[in-house]
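**Q** Residue strings, one per chain:
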Amino acid sequence: MSRRRRFLGNWHNLLALLIIGGFLCVAWLAPWLAPQEDPADPTAMRTLPGYRPTALRAPRPPSAEAPLGTAPGGWDVYYGLVWGAWPTLRFGLLTTVLTAGFGISVGALSGYAGGLVSRVLMRVTDAFLTFPAIAGIFLFRTILPEAVETPHNFGQAVLHFLRVDPVMLALIAFSWMPYARLIHANMLTLKQTDYAMAAKTTGASSLRIIFRHLLPNAIAPAIVLAARDVGGMVILEAAFTFIGIGAGLPWGLLLVVGRNWIIGPGGNPFLFWWVFVPATLALILFSLGWNLFGDGLNAVWNPHSIKRGQRI
Amino acid sequence: MPILLKFIFRRLLAVPVTLLIITATLYGVLMLAPVETRAELYLPRGNSNNPNYNPELVRQQIIKEHGLDDPYPVQYVRWAGRLLQGDWGWSPGFRADILPALLARTPATAELTLYSVLLLIPLGIVGGGIAGARPHQLGDYVFRGLAFLATATPPFILALVLLGIFYAGLHWFPPGRLGITEQYLIQDSAFTSYTGLLTVDGLLNGQPRISLDALRRLVLPCITLGMVHWATLGRITRAAMLEEMTKDYVMAARGRGLRARVIVWRHVLHNAMLPALNSIGLSTASLIMGVFVIEVIFSIPGVSELIVASARGAPDTPMAMGFALYSVGLVLPVMLILDIVQALIDPRVREGVTDL
Chain H
1 MSRRRRFLGN
11 WHNLLALLII
21 GGFLCVAWLA
31 PWLAPQEDPA
41 DPTAMRTLPG
51 YRPTALRAPR
61 PPSAEAPLGT
71 APGGWDVYYG
81 LVWGAWPTLR
91 FGLLTTVLTA
101 GFGISVGALS
111 GYAGGLVSRV
121 LMRVTDAFLT
131 FPAIAGIFLF
141 RTILPEAVET
151 PHNFGQAVLH
161 FLRVDPVMLA
171 LIAFSWMPYA
181 RLIHANMLTL
191 KQTDYAMAAK
201 TTGASSLRII
211 FRHLLPNAIA
221 PAIVLAARDV
231 GGMVILEAAF
241 TFIGIGAGLP
251 WGLLLVVGRN
261 WIIGPGGNPF
271 LFWWVFVPAT
281 LALILFSLGW
291 NLFGDGLNAV
301 WNPHSIKRGQ
311 RI
Chain Z
1 MPILLKFIFR
11 RLLAVPVTLL
21 IITATLYGVL
31 MLAPVETRAE
41 LYLPRGNSNN
51 PNYNPELVRQ
61 QIIKEHGLDD
71 PYPVQYVRWA
81 GRLLQGDWGW
91 SPGFRADILP
101 ALLARTPATA
111 ELTLYSVLLL
121 IPLGIVGGGI
131 AGARPHQLGD
141 YVFRGLAFLA
151 TATPPFILAL
161 VLLGIFYAGL
171 HWFPPGRLGI
181 TEQYLIQDSA
191 FTSYTGLLTV
201 DGLLNGQPRI
211 SLDALRRLVL
221 PCITLGMVHW
231 ATLGRITRAA
241 MLEEMTKDYV
251 MAARGRGLRA
261 RVIVWRHVLH
271 NAMLPALNSI
281 GLSTASLIMG
291 VFVIEVIFSI
301 PGVSELIVAS
311 ARGAPDTPMA
321 MGFALYSVGL
331 VLPVMLILDI
341 VQALIDPRVR
351 EGVTDL
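So the protein sequences, as listed, match chains H and Z.
When you number the first sequence by the numbering used here, it's gap-free, plus one each residue, and the end is 312.
When you number the second sequence by the numbering used here, it's gap-free, plus one each residue, and the end is 356.
Isolated chain H (complex conformation):
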């Protein structure tokens, strides 16, 4: 209770909850905020009625039919922002939860088992740390789509069944390492504590000791990292979409279609502000909300400031 009160007593944290809650509300209320013409149409991008998207069409300033103007090609910015909230939240949360889950499992196993298992797992973790996720995304995008469409072996069948986006899969496969290292280090110290020994002498199984006694005490910094990662993953995805290899979430796409109009004539970057400012603000606000949330959790769980090597 006191922790909750401490968390809610700080305006930073309230702001974080407000921002995250705001995005959830927008995602939830999208059909009312920006009614679709065809409710069966799942796409988050649309052009104004009577427009067909052509790359040549110039952006139009905000008007009654498009409250935030249209991006080049006639795309409705407001509609894209509202309908982009849910895919963005889903992508950020799903990627982070899976990444953190995998990293935490590796770290817990390695920290608890010790010995050879730990040495091997940590070598693998360190090796993966040298691999930039962007190369993984490029690789997965190249080889997976064909394989997933017509599955031939077990691995492909699983991927086909889950309909995993190659970009998300690559981000998960190549960003779990900080979690593993964190949990590994924490487990090593916790394993030596009296209560862990006591649990062992009472005959508790390894799984029970890990999940019931050790992990709950070791997991706090990983959750803090995960909260910050939700925003980070979305920003990263937007950057990849921008250079043409991302998953194509709507906010990033809005920036892609508008990229040639960001620098207006005469070098004024704000002449066509509605082309990129709303989407950018949405991205910044999203990452800000999750970062503040992470900082808040950190302050509550770990009052003695940041420990060494914790923020990787």
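Rather than coming from a laboratory, the hints here were simulated on the basis of the structure.
Heads up, some of the hints might be wrong.
Stated by the list, open to error - Pairwise CB distance ranges, derived in the manner of DEER restraints:
id, chain 1, residue 1, chain 2, residue 2, range
1, Z, 247, H, 197, 23 to 33 Å
2, Z, 82, H, 113, 29 to 39 Å
3, H, 223, Z, 148, 16 to 26 Å
Just so we're clear, the structure is a prediction, and the values are computed from it rather than from any experiment.
Beta carbons: idealized from backbone N, C-alpha and C, even for Gly.
Given the structure of chain H, go ahead and fit chain Z onto it with the hints provided.
**A** For chain Z alone, coordinates are given in the frame of chain H:
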């Protein structure tokens, strides 16, 4: 410094293991794809010039010839052996050998990486040091505000806004790697390429004009790239400074009458730098990832040219594999340099007492 040499040697010993794990993983991922996809790794050079060329037939031939239906370890060893011989395959998209195509674009990428690392590490440590030395004062607030902005703004947007202001508006810092006049100069036969880094080669050839132009074009990419990591580095330095300031040795130094400036900048910062450098070392891969993204936005003809172009064309498996391996080759040296810097600073690291 024999201890340092021993340290470097110990670090180098880990490199083959890392490469083994990475290549085994990459080929494992490739095993998920159909066998025809794997066959592309062995495409013969310049094949499609022949009018009777039949891609299906060629693939079936490759599958039989290279035993691509064999178990994974057999295939992996065969492929890794070919990599070791320097044969990284042939890219149908670029109609070129992979390794030379990557190596030809390396200097541009290396130059950008080098200058941004040189810029961001001192600035991050000094920034975090100023903020941590006097918390909750003007310097601290300025640092935290800047660091906050740097982490919250997506780098690619920052890059475009900076280009809008400083290139389109003020004409100070153009994008690209070299201007047209300078490009003619370096294509001249009198110009010898010693290092491939234009800023250095220009000086070595006695043509400072080239170096200046190249430097001018590096300003914006380096700033954009450095921002995020600068902020992270500074924040960790700041936090570590705050923690160090409460230690007994600080009080002892104060008791002996050392000036506050000496205590903070010599003793406290020295200890606070380690966790900061360690975290930068661990995030080298994301730094390199940033380099690739920034290259695209500033139209610098580095290695990321290859990914963007292939992403638009047909799937190019050999290029994707080659690029994945190559990017590890970019990360490892940077990591090694950062490790050496840490070993220089901290005797515990170079003696191997604390593990990195």
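**Q** Each of the hints needs a verdict: does it hold here or not?
**A** Checked hints:
Range check, residue 247(Z) to residue 197(H): Cβ separation about 31 Å, and the 23 to 33 Å hint holds. Separated by about 36 Å at the C-beta atoms, residue 82(Z) and residue 113(H) satisfy the suggested range of 29 to 39 Å. Judged by the Cβ atoms, the range 16 to 26 Å given for residue 223(H) and residue 148(Z) holds: they are separated by roughly 22 Å.
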